[in-house]
Each structure stands twice: as C-alpha cells, then as structure tokens.
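> Same order as they appear, the protein sequences are chains A and B.
For the first sequence, our numbering assigns the number 2 to the initial residue and increments by one for each residue that follows.
For the second sequence, our numbering assigns the number 25 to the initial residue and increments by one for each residue that follows.
The set of hints was computed from the structure by calculation and includes no laboratory data.
Every residue gets a Cβ at the ideal spot worked out from N, C-alpha and C, and that includes glycine.
Hints are supplied without guarantee of correctness; some may be wrong.
No farther apart than 25 Å at their CA atoms in a straight line, the calculated lysine-lysine pairs in the DSS-like style are these [to be verified]:
hint, chain 1, residue 1, chain 2, residue 2
1, B, LYS73, A, LYS162
2, A, LYS173, B, LYS33
3, B, LYS92, A, LYS61
4, A, LYS162, B, LYS356
5, B, LYS92, A, LYS20
6, B, LYS92, A, LYS43
7, B, LYS70, A, LYS43
8, B, LYS348, A, LYS156
9, A, LYS156, B, LYS73
10, B, LYS70, A, LYS149
11, B, LYS92, A, LYS65
12, A, LYS177, B, LYS73
13, B, LYS348, A, LYS162
14, B, LYS304, B, LYS348
15, B, LYS304, A, LYS156
Some chain A residues well away from chain B (every beta-carbon gap over 10 Å; in silico) [as the list claims (entries may be wrong)]:
hint, residue
16, ASP8
17, SER9
18, ILE15
19, ARG16
20, LYS65
21, ILE68
22, TYR75
23, ARG78
24, ALA79
25, HIS86
26, HIS87
27, ARG127
28, SER134
29, ARG135
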Amino acid sequence: MNVMPGDSEIVRRIRQGDKGQFESLFRSSYVSLVRYARTMIKDHDTAEEIVQDLFFRIWKDKDKLQIESSLNGYLFRAVHNRCLHHISHSKVVEKYARETVMFSSGIADDTASLVNYNDLQSRIARILERLPSRCGKIFCMNRFEGLKYSEIAEKLSVSVKTVEANMGRALKEFRKALAEQ
Amino acid sequence: MKETNDTGKFTDREWEELAAHLSGENTANGDILSRFAEEDEYNTMKYWKDLREMDNEREINVDRAWDKLHSRLRDNGLMSEEPVVKRRFLTPAFYRVAAALLLLVGIGSALLYMNNNGLLTRKTIVATNGDQKNLEVTLPDGSTVILNRNTQISYMPGFGRGERSVTITGEAFFDIVRDEARPFTVDAGKAMVEVLGTSFNVRAGAQEAPVEVYVKTGQVLVKGTGEGSELVLEPGFIGTVYPDRSGKSVNTDPNYMSWNTGLLVYDGQTLDIVFRDLKKVYDLDIVADDPEILSNTWTSPIDNQAQETIIRLICASFNLAYEKDGDVYHLKRK
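Sequences and hints are given; from them, build the entire structure.
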C-alpha cells in the first residue's frame, strides 16, 4: 500500500542527504508550485526558474533546513516570497498592482512590507501551512494542476471520498482565511 | 470572531458538496449553493474559481525541469552522477530492504575487491520489495528500466564503456537506447538477452520457472545455457528458456504487460481470475464470502481506476455489497 512519509520524516531524510527523497519531493510539488508562481509572475520561464532555484537552495543548504509548519506551506510561502522579490527587483511593482485585482489595498514600496502583503496568494500559503499535509496536497493538485477528483484519488491511491472530504475541509479553511483581515 | 463562526453554518458534508460543485465535480443541491452565495461576502466562490482559471496553456515538463536542476546541482558539486530513480510508490519498508541489500552487496563487493587484486567491483544495485512496483530506473546511457515487485537489477561501474550489461532477478521492462557500437546485454541467469536498441520485458522469477522474454519493439537475441539454444525474437513473441531447452511463441495473453501498464482486459473470464490479476497488478485484496460469486464472468477493461472505483464497478455489475476490513474488500450478496 502507498504510505506517504510524514513532513518531518521527509525533511529529516533530505537533511541527511537522501537524494531520492529530494527528487521525489521535487517531482510531486513542481507543477503546483510553478502554476502558483504563474499567478504572481506572468512570465512562464521565470516562474519555472524561481521554483528550480528554490530547490537548488534547499539542497545546497539542506543541513540548515528547518520547517516548522507543513512542508507544503513552506514551499508555497518560499515561492511566494521569491516571486515578490523578483517583482520588486524588476521594478514592475506598480504595473503588478494595477493588474492584480485581488489586491485589496495600496501597495508598499519596500520588499520587506511587500512580503507581508495580505493578498490572496499569501493567504493561500498560510492556508497550506494550516492544512494537514495530504489535504494541502490535494487542494494544490485540484486548484493548481487542474486534476479531477478521480485523477487525484488515483495518483495518491486514496478513495474519491477521501478527496471529497479533504477538498471540503480546504474550502472551509479557504473561506476562513478570506474572512480574516 | 464573527467571520470564523460563519463557517459553522454549514456541516462538513455541506462543505464537501460545495467544494465539489465549485471545483466542477458535480452539481450540488441548489439550496446549499444559494445559501452559500448569500453568505459569501468574501467572494470565496470567485477566488476559488480564479485559482483554477489561470493561463495554463504551457505544459510544465517535470522530467526536463528535474534534469536541469540535477545538472545544475552536479555542476556545483552538490550531487553526484548516479542513476536517476523515480520512486512512484514510496514505502519506508522499501528503504530498509534497499539499505539492507546495499549493505550486503557492499560487503560482498568488498570481499570480491580484495579477491580480485585491487579491481574496483562495487556494483550499482536497484531493488524493489514485495510492496513496491513500477520503480523506474534510468541507466547511465539514458535507457530506462521499470522494475516489478521483488526485482533487482545491478550493473558494474564500467557500464557503458565498451559494453552495456546488467544483471536481473525478478521482472522488468527495458526500453533501450539504440547504440549499434555498444550492444546491451541482460544476464537473467538461465538466459542471456542481447539487443542493440529495443523495448522488451524479462521475467526471471523463481528458480524452477523458465526465463521469459517478451518483445515489444525491435529485435531481441536470447541465448540459453545449452548449445544451439539461440532464439531471435520479433515484436509480439515470447521466448521461453529452460535449462535444457528453449522455444518461442506468439503472446496471446493481453494482460502480459499489465503489471506495467495497469490495463487489464477481459473477454468473459471468471471473477476468480480477475481477482487474481487485481492482486498482482494493483495489490488489491478481494475476498468473496460466497464462492459462487467467483464464477461470474467479466468483460470490461480495468484501466488504472482507483481501488474503490473498481470495487464499486464489480458490486454494481453483480448486485453485490462490499465491506472494507483493513486493506481487504469482502464481497457479499445484497
């Protein structure tokens, strides 16, 4: 049967230099993370580079790898911050602010407050930190990779019912996060 | 907090229905939807859908991305050159078995090393245990091998320099990159398989069983241990090699490669055969409480559906009910 190692186990193995575990984490989260980066950065190649660069750093500094919340949340938050960094660096901040309707108030000038910016994407990163690992994974596969419930069930070797239940939970958290200011 | 309490207006079941509807899975009952829409001052429905409506026209190629990252890590001295292993089904037990095997091989190799007067003979070994199948291994020459359960392949450090050879026990599907200058050989114990560039399946299981080689594309040369036991196999043929004889025949079993493809097709086989295949291919355990259930016949293809879906399909077809006990599905008459 398919047993997914828990987040802390995955982190522990990567810290110990387990290449297979690192590769498997990369393969299972790459598409979701690139799609997520694409919601913030309009350039596809840059989005891919940002995610690859994140994984490069993770492996390079693996002995310093410390993840308090969920692994999924960590990855999404890291991609989020890198995207913001990229945006502020390419001096398209204002353009981005105009184009992104999801922003709810004005835009800050410096990178530090940009990171704290309370937009939809950063809420997603927060939701993913709160959701159990598998639930967050299912949410990403459905919302970012566009997989149907049945396809997710198959990929993760779980029942469609399990996917349903997890998606229900994810929606509830999503709604809660939107309500929080 | 008022906002958070709002989420309490719906039961978990209702959240599930809402999520399924908003994700385009099914049509939820209109009542919950309109109740939710009324409460939806935070635009949950819109944002939920927005996440999906991004520009997805560019395909994201994970293999290519991994190759790129891997070579960057390698160029920076952060990762060594090794076979790339795609773990499709991870189990901690696998790591333990693999680690134990590697340790054993390490000890074995060290002994050989001393024996061979300084020749480096440390093999690369990839192995699967009984819970694991479809482990894909990329060899240094770019050829791929997919391992079934309880399978092990190994090759020496010089692989690809002058010759390409691997040793196998168990069952694996090989897709070999064509290289006329360097023939590819598989040592399967009782048989030796030699190709230039083809795809084929080798089944080298129990000691007493023959070695079977099934060819998907190209041409394959199979040599037994006896004299004159050479076989040339074309696509669609299975060569069977016993210690003292060998022969070839056209494969008539449409499910021969199901362990790899996941596709099972039937043409009126009884359920006991179907269940045996499901165990082999999907590790799905089904028990019929009434043996008569097993004599029903089956004609639909099964193609990588989720376990639950397969069970429901069977139950619906024969008016059965099921109960799940651990990993085992029990079927009974309604």
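> Is the straight-line distance between the alpha-carbon of LYS156(A) and that of LYS73(B) 25 Å or less?
At roughly 23 Å apart (the allowed maximum being 25 Å), LYS73(B) and LYS156(A) satisfy the hint.
> Mind verifying the non-interface call on ARG16(A)? Its CB should be farther than 10 Å from each CB in chain B.
The claim stands: ARG16(A) keeps its Cβ more than 10 Å from every Cβ of chain B (closest is about 14 Å).
> With the threshold set at 25 Å, check whether the alpha-carbon distance from LYS162(A) to LYS356(B) stays at or below it.
Holds. LYS162(A) to LYS356(B) sits at ~22 Å (cutoff 25 Å).
> Between LYS92(B) and LYS20(A), does the CA-CA distance stay at or below 25 Å?
Holds. LYS92(B) to LYS20(A) sits at ~15 Å (cutoff 25 Å).
> Confirm or reject: ILE15(A) is not an interface residue toward chain B, with every Cβ-Cβ distance exceeding 10 Å.
Its Cβ never comes within 10 Å of chain B, the nearest being 12 Å, so this holds.
> Regarding the assertion that ILE68(A) does not contact chain B, is the least Cβ-Cβ distance greater than 10 Å?
holds, 19 Å
> So is ARG135(A) really clear of chain B, every C-beta pair being over 10 Å apart?
Answer for ARG135(A): holds, closest chain B Cβ roughly 14 Å.
> Does the alpha-carbon distance linking LYS177(A) and LYS73(B) stay inside the 25 Å limit?
holds, 16 Å
> Could you let me know if the closest chain B CB is still more than 10 Å away from the CB of SER9(A)?
holds, 13 Å
> Are LYS304(B) and LYS156(A) close enough, with their CA atoms no more than 25 Å apart?
holds, 18 Å
> Is the straight-line distance between the alpha-carbon of LYS73(B) and that of LYS162(A) 25 Å or less?
holds, 21 Å
> Given the proposed pairing of LYS173(A) with LYS33(B), does the C-alpha separation stay at or below 25 Å?
Given that 25 Å is the threshold and the Cα spacing comes to 11 Å, the pair holds.
Figure legend: structure checked against the earlier numbered hints; every hint is met.
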